[in-house]
Amino acid sequence: MRSSSPKRSSPTLRAWLFLTPSLLFLAVLIAASLLVLRMSVGTKGAEWSGFSLASYAQLLQPYYLKSLLLTLRLALISALIAVLLAIPVGYTMARLQSPLLRRIFLAAVLLPLLVNLLLQSYGWLVILGPAGMLNQALKGLGLITRPVMMLYNENGVLMGLVQTAFPLAVLPIASAMRGVSRSYEEAAATLGASRFQVFRQVILPMSLPGIVTGATLVFAYNASSFVVPLLLGGRRVPMLAVMVHDQIAPLMNWPAASAAGVVLIVTTLAIMTLSELFTGRRRRRLEASQ
Amino acid sequence: MGQHDLNRRQFIKSVGVASVAAATMSMPFIRANASDTRFQGKTLRLLTWSDDTGLAALRNIAATFEAKTGAKVIADRTGSTSEMVAKLKAGGDRAQYDVITLAGVGAEGLASAGLLEKPDLNRIPNIVDVPEKYRTGANGHGIGYLLWCNSLVYSTRTVKEAPTSYAALWDKDMAPNIFLPPPNWTEAMDLIIIAAKLAGGDEHNIEPGFKKLAELKDRVVTLGENPNQIAELFRTGSLDMGGLYAPAFFPNQIRDPAYGLGATFGMKEGFYTDLMQSVMPKHRPGDTDLAYAFINHSLDPLVQGKMAEDIYNGPVNAKAIISAEARKSPYILTPEQIADKAIMHDNAFLATVHEEWIRRYTEIFSS
Numbered sequence: 001m002r003s004s005s006p007k008r009s010s011p012t013l014r015a016w017l018f019l020t021p022s023l024l025f026l027a028v029l030i031a032a033s034l035l036v037l038r039m040s041v042g043t044k045g046a047e048w049s050g051f052s053l054a055s056y057a058q059l060l061q062p063y064y065l066k067s068l069l070l071t072l073r074l075a076l077i078s079a080l081i082a083v084l085l086a087i088p089v090g091y092t093m094a095r096l097q098s099p100l101l102r103r104i105f106l107a108a109v110l111l112p113l114l115v116n117l118l119l120q121s122y123g124w125l126v127i128l129g130p131a132g133m134l135n136q137a138l139k140g141l142g143l144i145t146r147p148v149m150m151l152y153n154e155n156g157v158l159m160g161l162v163q164t165a166f167p168l169a170v171l172p173i174a175s176a177m178r179g180v181s182r183s184y185e186e187a188a189a190t191l192g193a194s195r196f197q198v199f200r201q202v203i204l205p206m207s208l209p210g211i212v213t214g215a216t217l218v219f220a221y222n223a224s225s226f227v228v229p230l231l232l233g234g235r236r237v238p239m240l241a242v243m244v245h246d247q248i249a250p251l252m253n254w255p256a257a258s259a260a261g262v263v264l265i266v267t268t269l270a271i272m273t274l275s276e277l278f279t280g281r282r283r284r285r286l287e288a289s290q
Numbered sequence: 291m292g293q294h295d296l297n298r299r300q301f302i303k304s305v306g307v308a309s310v311a312a313a314t315m316s317m318p319f320i321r322a323n324a325s326d327t328r329f330q331g332k333t334l335r336l337l338t339w340s341d342d343t344g345l346a347a348l349r350n351i352a353a354t355f356e357a358k359t360g361a362k363v364i365a366d367r368t369g370s371t372s373e374m375v376a377k378l379k380a381g382g383d384r385a386q387y388d389v390i391t392l393a394g395v396g397a398e399g400l401a402s403a404g405l406l407e408k409p410d411l412n413r414i415p416n417i418v419d420v421p422e423k424y425r426t427g428a429n430g431h432g433i434g435y436l437l438w439c440n441s442l443v444y445s446t447r448t449v450k451e452a453p454t455s456y457a458a459l460w461d462k463d464m465a466p467n468i469f470l471p472p473p474n475w476t477e478a479m480d481l482i483i484i485a486a487k488l489a490g491g492d493e494h495n496i497e498p499g500f501k502k503l504a505e506l507k508d509r510v511v512t513l514g515e516n517p518n519q520i521a522e523l524f525r526t527g528s529l530d531m532g533g534l535y536a537p538a539f540f541p542n543q544i545r546d547p548a549y550g551l552g553a554t555f556g557m558k559e560g561f562y563t564d565l566m567q568s569v570m571p572k573h574r575p576g577d578t579d580l581a582y583a584f585i586n587h588s589l590d591p592l593v594q595g596k597m598a599e600d601i602y603n604g605p606v607n608a609k610a611i612i613s614a615e616a617r618k619s620p621y622i623l624t625p626e627q628i629a630d631k632a633i634m635h636d637n638a639f640l641a642t643v644h645e646e647w648i649r650r651y652t653e654i655f656s657s
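These protein sequence lines map, in sequence, to chains S and W. Just so we're aligned, residue 1 is where the first sequence starts under our numbering, counting upward by one. Just so we're aligned, residue 291 is where the second sequence starts under our numbering, counting upward by one.
To be clear, the hints were calculated from the coordinates, so they are not data collected in a lab. Being a predicted model, the structure only gives us computed values, none of them experimental. In this text, a Cβ means the ideal position worked out from N, Cα and C, and glycines have one as well. Where hints are given, some of them may not hold.
[Stated by the list, open to error] Once the Cα atoms are required to be at most 25 Å apart in a straight line, the calculated BS3-like pairs of lysine-lysine come out as:
no. : chain 1 : residue 1 : chain 2 : residue 2
1   : W       : Lys462    : S       : Lys44
2   : S       : Lys66     : S       : Lys44
3   : W       : Lys487    : W       : Lys423
4   : W       : Lys487    : S       : Lys44
5   : S       : Lys139    : W       : Lys462
6   : W       : Lys487    : W       : Lys501
7   : W       : Lys631    : W       : Lys558
8   : S       : Lys66     : W       : Lys408
9   : S       : Lys139    : W       : Lys450
10  : W       : Lys501    : S       : Lys44
11  : W       : Lys377    : W       : Lys572
12  : W       : Lys377    : S       : Lys44
13  : S       : Lys66     : W       : Lys507
[Claimed, not checked] Over the 10 Å line for every Cβ pair with chain W, so calculated as not near, a few chain S residues:
no. : residue
14  : Pro21
15  : Leu69
16  : Leu111
17  : Ala188
18  : Ser194
19  : Leu231
20  : Asp246
21  : Ile248
22  : Ala249
23  : Arg284
24  : Ala288
Start from the sequences, fold in the hints, and give me the full structure.
Here it is as structure tokens:
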């Protein structure tokens, strides 16, 4: 006679139990997004009971369209610049032999993610602000008498966007480049390719999925940026997140703020989907060729 | 533990007692012994700002009220008026506060959402000394508390004499680099009206105002969302003038000569004010008589004078007591100056144009 043993739960049940905490967390996030969606079709003062598409219609006004375009433009340019700067850094990280050096490099790249966004923006003020180090140096050299304004405009905001999102570009690019086997480089070199040719014709194309992922992350992160345009733009660079803030305070127009948020989410998701389609196709082709 | 060691609770208790004692000693008009024992041991929950104005309210109003009545004031200091509104709205029918002090626009928002009780003015004896126009706001749901007074701010290094008209903002030679209030602030709405008046229009004929404002675009360094940043720009010589902006934003920097920061209410056109209000949410957790007593205390002539001197807010009580020394300061407003020069904007009218004006103002100054 076999001794009785406790019943074992099925693998499916265990998988669900394992997933439950994450699913609950995701459910809260999804519920919050759905509430924002519901508010966006409400009316001012009757956010939960009213129904109107007026908030969406309002977003078609040139004022909001300009803000949306400005947001997308700055997010796109910042993604391009961040990726261009991240490629050499990612390549270096991928090819570093010393684990210690690799860790130091990684820590340096991750620093912006570890430091509060507000502090980073204040850091830019310390460097480029009217009383910043650069202006002090120019004054000291006798080149200027009054501070040069390098902030409180689109360029200042762009600089902040690139810097704060830089790690998001570096990490996927470095990871993708680390995945490119050295044997490809050696094969290309054996066939007479110069170092530059190897980089341009072998490494870059094979790392493209990582590059696109990096660009997409920076784009999505910066499209919803609020602190950087607020502090470094001096309220003169009206990105959409700042407009959302205006709708809440002082206008207390929650439906309009929610509608702007929904449009921002949908636009960003659409661009990320396009990028995923492109990256996915490229990845499959690379896998097939390997 | 040695006999000189303090545990955490003792330490907090000592600091609390010392704070109240210090506040009371600085206000000799408040007797240390509670004069009104009805409220002994009761608790009032107050929601106020997190900035210097909120801190001053704790020092000059809450602490002295505690000393006078023996009641305990538990204060929650929240960032801004809109955050207070969001907090109360989130609470719904279960308000956590007995009294809230906030800007006019917030009081209007809460009143229109049906979250406020209309106070009975007969239960606030000090209100008889408050001029009619400052007594109530938000359709009778708010009690006038203090006036948020906006000035022209200028660099004492580059602007030799305090401006006497808002036209100074348009004087390129006098002030090459200026700042203006951000679009979402009521100060921006007042500035639009000022520009319109300077250009021959008014709030109901606003087009000339926007045209005149557009003339400033190239000289605007920033739309000052952050008062500390503005003070820093003055300190470093990056700004010459700006406004409308309340000196109450940076009382410490104004007192510090390193900033070279001056502010004036002496414009011939007058100065704009916003009526800050005390409101009582419906379904309060505490005692109603205590809430009325607190609001009444905040209108006490001495308390009002102390707030004006401490934080550069305008007193609403026409009998507010301002010391002879304080009367010499250009930043401390007396009841007489308020009666003579204060302009109160029409919140109800501004609510109808607010959104459109914010949009146009933002468009003008976008880089």
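We went through each hint and held it up to the structure:
Under the criterion of a C-alpha separation no larger than 25 Å, the hint pairing Lys462 (chain W) with Lys44 (chain S) is inconsistent with the structure, at around 42 Å. At most 25 Å may separate the alpha-carbon atoms for a hinted pair to count; Lys66 (chain S) and Lys44 (chain S) meet this at roughly 24 Å. Pair hint Lys487 (chain W) plus Lys423 (chain W) holds up; C-alpha atoms about 23 Å apart against a cutoff of 25 Å. Restraint check for Lys487 (chain W) and Lys44 (chain S): the C-alpha separation of about 32 Å exceeds 25 Å, so the hint is violated.
Restraint check for Lys139 (chain S) and Lys462 (chain W): satisfied, since their Cα atoms lie roughly 23 Å apart, inside the 25 Å limit. For the hint linking Lys487 (chain W) to Lys501 (chain W), the alpha-carbon distance of about 12 Å falls within 25 Å, and the restraint holds. Between Lys631 (chain W) and Lys558 (chain W), the direct Cα distance comes to roughly 8 Å. Compliance with the 25 Å bound is thereby established for this hinted pair. Distance check on the hinted pair: Lys66 (chain S) and Lys408 (chain W) sit about 43 Å apart at the alpha-carbon level, beyond 25 Å; violated.
Taken as a hint, the Lys139 (chain S) and Lys450 (chain W) pair is honoured in the structure, with Cα atoms around 24 Å apart against an allowance of 25 Å. A threshold of 25 Å between alpha carbons decides the hint, and for Lys501 (chain W) with Lys44 (chain S) the separation of about 31 Å lies outside it, so the pair is violated. Distance check on the hinted pair: Lys377 (chain W) and Lys572 (chain W) sit about 14 Å apart at the alpha-carbon level, within 25 Å; holds. Straight-line distance between C-alpha atoms of Lys377 (chain W) and Lys44 (chain S) comes to about 17 Å, which keeps the hinted pair within the 25 Å bound.
Distance restraint check for Lys66 (chain S) and Lys507 (chain W): the Cα-Cα separation of roughly 19 Å lies within the 25 Å cut-off, and the hinted pair is therefore satisfied. The claim that Pro21 (chain S) lies off the interface holds: its Cβ sits roughly 26 Å from the closest Cβ of chain W, which is beyond the 10 Å cut-off. With a least beta-carbon separation of about 12 Å from chain W, Leu69 (chain S) lies farther than 10 Å from that chain, consistent with its non-interface assignment. In this structure Leu111 (chain S) is separated from chain W by more than 10 Å, as the shortest Cβ-Cβ distance comes to about 24 Å.
Residue-level check passed: Ala188 (chain S) sits 47 Å from the nearest beta carbon of chain W, beyond 10 Å. Remark: the non-interface label on Ser194 (chain S) is consistent with the geometry, its nearest Cβ contact in chain W lying 44 Å away (cut-off 10 Å). Not every C-beta of chain W lies more than 10 Å from that of Leu231 (chain S), the closest at about 7 Å, which undercuts listing it as non-interface. For Asp246 (chain S), the non-interface assignment is contradicted: its Cβ lies about 5 Å from the closest Cβ of chain W, within the 10 Å cut-off.
For Ile248 (chain S), the shortest C-beta to C-beta distance to chain W comes to about 6 Å, within the 10 Å cut-off, and the non-interface label is violated. With a minimum CB-CB distance of about 3 Å to chain W, Ala249 (chain S) fails to clear the 10 Å threshold, and the non-interface call is violated. Here Arg284 (chain S) stays apart from chain W, with its beta-carbon at least about 44 Å from theirs, past the 10 Å limit. Every Cβ of chain W is farther than 10 Å from the Cβ of Ala288 (chain S); the closest lies at roughly 48 Å, confirming the non-interface assignment.
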